[in-house]
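Chain order of the listed sequences is A and B.
So the first sequence is numbered by numbering that gives the first Met the number 0: it starts at 0 and just counts up by one.
So the second sequence is numbered by numbering that gives the first Met the number 0: it starts at 0 and just counts up by one.
Just to be clear, a hint being listed does not mean it is correct.
Derived SDA-like pairs: lysine to any residue, alpha-carbon spacing no greater than 25 Å straight-line [stated by the list, open to error]:
(1) Lys151(A) <-> Lys75(B)
(2) Lys75(B) <-> Arg249(A)
(3) Lys75(B) <-> Asp240(A)
(4) Lys75(B) <-> Ser248(A)
(5) Lys58(B) <-> Glu76(B)
(6) Lys147(A) <-> Lys58(B)
(7) Lys151(A) <-> Tyr99(B)
(8) Lys151(A) <-> Asp115(B)
(9) Lys147(A) <-> Phe96(B)
Hints are computed from structural coordinates only; laboratory data are not their basis.
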Amino acid sequence: MSEARIDVQSLDDGGRNVSLSGRWTLVQLAHRSEALIAQLRELAAHPNVSWNFTEVRALDSAGAMLLWRAWDRTMPEILLARPEHLRILERIAAADEHQPPAVVPKSPFEWVMVIGRNAIGFWNQLVDFAVLIGQMLLCVVHLVRTPKDLPKREFSANLYKSGVLAMPVSALVGFLIGVVLSYLSALQLRQFGADIFIVNILGMGIIRELGPVLVAVLVAGRSGSAMTAQLGVMRVTEEIDALSTMGVSRSLRLVFPKVTALAVAMPLLVLWTTTIALIGGMVSAQIQLDISYAFFFQQLPKAVPMANLIIGLVKGIAFGIMIALVACHFGLRVRPNTESLSANTTAAVVTAITAVILLDSVFAIATSSIGIPQ
Amino acid sequence: MTTPAISVRDLHTRFGEVWIHKGVSLDIAPGEMVSLVGGSGSGKTTLLRQMIGLLTPTKGEILIFGQPLFCGSVEKERALRQRFGVLFQQGALFSAFNVYDNIAFPLRELQAFDEDVIHDLVLLKLAMVELLPRHGQLMPSELSGGMIKRVALARALALEPELLLLDEPTAGLDPDRSDSFVRLVRTLGEELGLTVVLVTHDLDTLAALSTKVAVLAEQRILAYDTVEEIIRVDHPFIRNFFLSERSARALQNVQFRR
Numbered sequence: 000m001s002e003a004r005i006d007v008q009s010l011d012d013g014g015r016n017v018s019l020s021g022r023w024t025l026v027q028l029a030h031r032s033e034a035l036i037a038q039l040r041e042l043a044a045h046p047n048v049s050w051n052f053t054e055v056r057a058l059d060s061a062g063a064m065l066l067w068r069a070w071d072r073t074m075p076e077i078l079l080a081r082p083e084h085l086r087i088l089e090r091i092a093a094a095d096e097h098q099p100p101a102v103v104p105k106s107p108f109e110w111v112m113v114i115g116r117n118a119i120g121f122w123n124q125l126v127d128f129a130v131l132i133g134q135m136l137l138c139v140v141h142l143v144r145t146p147k148d149l150p151k152r153e154f155s156a157n158l159y160k161s162g163v164l165a166m167p168v169s170a171l172v173g174f175l176i177g178v179v180l181s182y183l184s185a186l187q188l189r190q191f192g193a194d195i196f197i198v199n200i201l202g203m204g205i206i207r208e209l210g211p212v213l214v215a216v217l218v219a220g221r222s223g224s225a226m227t228a229q230l231g232v233m234r235v236t237e238e239i240d241a242l243s244t245m246g247v248s249r250s251l252r253l254v255f256p257k258v259t260a261l262a263v264a265m266p267l268l269v270l271w272t273t274t275i276a277l278i279g280g281m282v283s284a285q286i287q288l289d290i291s292y293a294f295f296f297q298q299l300p301k302a303v304p305m306a307n308l309i310i311g312l313v314k315g316i317a318f319g320i321m322i323a324l325v326a327c328h329f330g331l332r333v334r335p336n337t338e339s340l341s342a343n344t345t346a347a348v349v350t351a352i353t354a355v356i357l358l359d360s361v362f363a364i365a366t367s368s369i370g371i372p373q
Numbered sequence: 000m001t002t003p004a005i006s007v008r009d010l011h012t013r014f015g016e017v018w019i020h021k022g023v024s025l026d027i028a029p030g031e032m033v034s035l036v037g038g039s040g041s042g043k044t045t046l047l048r049q050m051i052g053l054l055t056p057t058k059g060e061i062l063i064f065g066q067p068l069f070c071g072s073v074e075k076e077r078a079l080r081q082r083f084g085v086l087f088q089q090g091a092l093f094s095a096f097n098v099y100d101n102i103a104f105p106l107r108e109l110q111a112f113d114e115d116v117i118h119d120l121v122l123l124k125l126a127m128v129e130l131l132p133r134h135g136q137l138m139p140s141e142l143s144g145g146m147i148k149r150v151a152l153a154r155a156l157a158l159e160p161e162l163l164l165l166d167e168p169t170a171g172l173d174p175d176r177s178d179s180f181v182r183l184v185r186t187l188g189e190e191l192g193l194t195v196v197l198v199t200h201d202l203d204t205l206a207a208l209s210t211k212v213a214v215l216a217e218q219r220i221l222a223y224d225t226v227e228e229i230i231r232v233d234h235p236f237i238r239n240f241f242l243s244e245r246s247a248r249a250l251q252n253v254q255f256r257r
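Given only the sequences and the hints, what does the whole structure look like? Please build it.
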């Protein structure tokens, strides 16, 4: 028999003799601790009880704690137990003597402190970001003076990873967005009989606005997070420290190639995705509105002045630099623990996308009079 | 007097509200093998990281071969950095490179040798740390703890440094591996005439490797002397650290070795 059991024997003088038997261990008690606690409490409340543990086959600290709590954290007056079981109970009694650490009462101005702490944290982030930009400028100056330090291999590796490998997914998303946009616009335009304006809507929307932003969101999620995680893990494994001790500048070798690679890859990806998205829109327009490919091609340059394409590509460069800088900024902030790594990766992606949208609105205002057909 | 390999002058370090070092001064002569010991949290690793320029002290200065590490010129700093090698606690091998490329990395950075010379040098370094040429193709994730330390040592020695800094060289190794690693460092140190600075709290390592011991406690260097002299210093920390039963066993070997 191994189950924990309680046997109660009433004595003539009105007292009770409680004898416990079986295994009083965590595994045994786990599924029926509530019933036992209730029964033990009831028994302990009785004034004249003697406890007999001699039949207990095993007692661990979980079982002992159960009893200890039933006894209201004091030893009962009459207790019959084996020495090893008594020691467990004594250890619990001794642990009770240690006071739990005093809880510092919350200041009534806690909320002010929280706001202040966040403000200081935000300010520090801005300063760090400015330092990172400054380091990039110093890298450029250094490379102009000593061109042999140019990190060619890292640059081409990054260009391949964040550019070439992103082509399939950006093509797929671009094509689908082109189809969706064309389909929705076609439904509206047909009502007004303005079918041919589909070329204007698609051309302006995709080339100037949607293409760059779409690619930026994809690249921020894809390459931005990868960059942050890579730098973060290199920090955790002390690889960045090892680089520094060898006299290799981390900004030149790790950050600079990432920033320049994205600055080159992004406009190319924008061009690629825009083209595919326009093809998607063109196919959809042909099916929906019966607009021929030849007409689409003919109409596109008239509807969309060249300036729009240039604005789109410049946006691509700016977004690319922004995403890489934000990703590296958060990557270098990673502290050596898993929580910090995940928090910084999330922050990198969210901040990069927010910053891109912010930058996009700046572009929209600054270029509001450029490239709009009269 | 010759220029000390490392000279720490009146170094103060503060982390937030806590002072880690208050007036640490230490001169390490060339050719010494110095163990830096101290209780946990006494700032041993911090001091080591300050020596190699990963942390900047709050106050005071550190000179390596008589020169400050950050002197404003990239070339000077690089030249100075080539004169010392560092072995990190976890090895800090570049996980994207295999063993061969890890050891070749500092040599390639130098841009002075072609690939043939680098190949020969890397194989030589591998042999020096008692590894076989075929180990060169392994990735760091495929290595055991002892091998990681050996590869990291080979990489630290790649640029023929005069000074070698080791952070907990035997932490996480079983006694057998740790013994053979210590023996390796000692032979290499003696053969190459290296100045060695190591942070450790393993007494066996300390007894086997160091010609001198620097005790870091109470935010300063409590004593800097040979092991035999240090044991005579009457201070609670030193008594606890060196004169416990466990320590006595480890230190027996010191006399034996000489």
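Do the hints match the structure? See the list:
Restraint check for Lys151(A) and Lys75(B): the C-alpha separation of about 24 Å stays at or below 25 Å, so the hint holds. A hinted pair counts as satisfied when its Cα atoms are at most 25 Å apart, and Lys75(B) with Arg249(A) qualifies at roughly 17 Å. Straight-line distance between C-alpha atoms of Lys75(B) and Asp240(A) comes to about 19 Å, which keeps the hinted pair within the 25 Å bound. Using a Cα cut-off of 25 Å, the hinted pair Lys75(B) and Ser248(A) holds, with the two alpha carbons roughly 14 Å apart.
Restraint check for Lys58(B) and Glu76(B): the C-alpha separation of about 20 Å stays at or below 25 Å, so the hint holds. Between the alpha carbons of Lys147(A) and Lys58(B) the distance comes to roughly 36 Å, so the proposed pair goes past 25 Å and is violated. Note on Lys151(A) and Tyr99(B): the hinted pairing holds, with a Cα-Cα distance of about 21 Å set against a maximum of 25 Å. Between the alpha carbons of Lys151(A) and Asp115(B) the distance comes to roughly 21 Å, so the proposed pair stays at or under 25 Å and holds.
For the hint pairing Lys147(A) with Phe96(B), the CA-to-CA distance comes to about 22 Å; that is within 25 Å, so the pair holds.
The structure shown violates just one earlier hint, number 6.
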